[in-house]
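> First to last, the sequence lines map onto chains A and B.
Following this note's numbering, the numbering of the first sequence begins with 1 at its first residue and continues without gaps.
Following this note's numbering, the numbering of the second sequence begins with 307 at its first residue and continues without gaps.
In case anyone wonders, no lab produced these hints; they're calculated from the structure.
Certain hints may be false.
Said to hold, decoys possible - In the SDA-like style, the derived pairs of lysine to any residue whose C-alpha atoms are separated by at most 20 Å in a straight line are:
(1) 128(A) x 553(B)
(2) 128(A) x 171(A)
(3) 537(B) x 158(A)
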Amino acid sequence: MASRKPVRWHIGVFLAPAVLVYTALMIIPLFGTLLQSLFNKGAAGERVFVGLQNFATLFGNALWSDAFWNALGNNAWFFVVHMLVQNPIGIALAAILSTPRLRMAAFYRTAIFIPTILSFVIVGFVWKLILSPIWGIAPGMLDAVGLKSLFAPWLGREEYALTTLALVSVWQFVGIPMMLIYAALLSIPDEVLEAAEMDGITGASQFWKIKLPLILPSIGIISILTFVGNFNAFDLIYVAQGALAGPDYSTDILGTFLYRTFFGFQLQLGDPYMGSAIAGSMFGIILIGVCVYLFGIQTRLRRYQF
Amino acid sequence: MTRTIRYALLTSTLLAGPALAETTLTIESWRNDDLTIWQDTIIPAFQAQHPDIKVIFAPSAPAEYNAVLNSKLSAGSAGDLITCRPFDASLELYNQGHLADLSDLASMANFSPVAKSAWQTDDGSATFCVPMASVIHGFIYNADAFEALGLSVPTTNDEFYAALDAIKADGTYIPMAMGTNDQWEAATMGYNNIGPNFWKGEEGRLALIKGEQKLTDDAWVAPFAELAKWKDYLGDGFEAQTYPDSQNLFTLGRAAIYPAGSWEISGFNAQAEFKMGAFPPPVAAAGDTCYISDHTDIAIGLNAASPNADAARVFLDWVGSPEFATMYANALPGFFSLNSTPVAMEDPLAQEFVSWRGKCESTIRSTYQILSRGTPNLENETWNASANVIRGSEAPEAAAERLQAGLASWYAPQQ
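With the hints as constraints, model all of the structure from the sequences given.
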């Protein structure tokens, strides 16, 4: 007589705290926001169901859609700068750090990683001061090497402000890809590298032909982390340029656009319904991006088991 | 410190309980900076006259005030007296029935229609807060610099630019301290500072609200055209200059003229080591009527649900008196009494600012009443447009057209 399988209650008990906290803090608010985006204020200020009308306004009314596409375009550029600058530099730093002959590797590793743990407020403020045309050290340093003419009030010019802030963000977060890739490089077994050396593949070609293919999955993860982080970004722009994301909305990204709409700003009263519609759109954009990566790229990456 | 005060407040409420003859009034406010002034100066003065009414000043943090107040009012736990923000925030409370109508209060007669406009229904039929103070716009200048360069205080537009040119030619000082990084100075200390002279103060402002004038009319484009000329007189890299940068440039004596609001007075008095003076926005030709932005900022109203309404009205009536006005204006230089009775003030810079009320017509910022209710928000758009015009990235006419199109998109009288 087969005994009944015992109820494995401990699984539920141990999962419960995480599930409850995550549901209360993330899942319920997420669906609450998505639901709220389907409502709007009626004539007497009451909440009425309007279906997808908020989204129709957001994408159909030029007043809203111009701001939305501007924010989305800026966000895309913000992401492109990170992908082109932050991640290659992060990988290069990791490759250099993992060279066994490098002295003081631990010091460099820590120094490069420290900005990541600084608060946005400090980073935004410090860089504003460094780049300030009045008190900043940037004009003085450029002057010292005779390049004063290259200095411009970067944060105040429409054509440079967003790129400048993206580079500040790169400076802050370059430690994250560096650490992840560094860990991936260290996990490559010595046998593989020794075999490569036996075959005469050393130095740079060893990196390109042996190490890089082995760390591709890590690079994929970094790309998706960068994507999610950038499309959720808000703090740095808010700290450096304020909620109006000046000059002339040239640094306005989805996060600041959402903030202005949802919470209001100065005389503008907050509009939680349109704000939820923007938040819902951001969620959709990130969801699509992550899905494309997961199903289109992640599954095609070749993995090596050692 | 705050803790001691909180305990003191708690204890005083407990002690006040048994004394039945005494009424206790609690004031809700965002001015936590002014706590000592209320406790040491204003409340004792009131209680000397009305020993039977006890007053407690219970402020919350400025950024949280609106949210805290709204929830307290809904829950029925708000104080008897409510400090009022100007225009729509307070109007909303009145429409919801949280603020009582105070139109029949005797001391309301002490205030001009402009002073009361920030706390009235759109048709002006009901006033629900007693005006306390306003802030005045103008220009503060470095008097030592003017003396060294042999400049006199400009009164007309031509003299204004002549002075700026002279300062620029000399090169010792940055002619004007302002940046466009934070955007609001461009609109508040720029557009709404010099604008009233062009749109003739209240006349233009009310015509705009009624839909008789448009933001694309000459009177409303001209201030933008002036702002466009300011570019040449601002410091290097003004595009990235922030509000605190501008304040520091001026108080360190590196800039000669500062487009200002009177709230700067106490800060500048503490920081600057040179003599300062102030002049109102210059007019087109000598002898023209001048208009100043005398912006209503703070008032106090009665919680409609207060059980102590009679005592609260006594207090509000006193707040409307010249006695209160004198006390308040001297304790906080730069926050000017809205009372029609002239108030004697000690601070020379504050005296200079307030003297303009005698020779110029007062108005308020054009974007604050009614016009910033919709989307896009006219005030926020004006920040953006003013900053663009000063930076030279948008032509004055184009900026005005954009603002007009935005306003017309939701405001019926402008359609």
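> Next, verify each hint and record whether it holds.
Okay, the hints, checked on the actual structure:
1. For the suggested pair residue 128(A) and residue 553(B), the alpha carbons sit about 16 Å apart, so the restraint of at most 20 Å is met.
2. With a C-alpha separation of about 14 Å, the suggested pair residue 128(A) and residue 171(A) falls inside the 20 Å cut-off, and the hint holds.
3. Distance check on the hinted pair: residue 537(B) and residue 158(A) sit about 16 Å apart at the alpha-carbon level, within 20 Å; holds.
Checked against the numbered hints listed earlier, the structure breaks none of them; every hint is satisfied.
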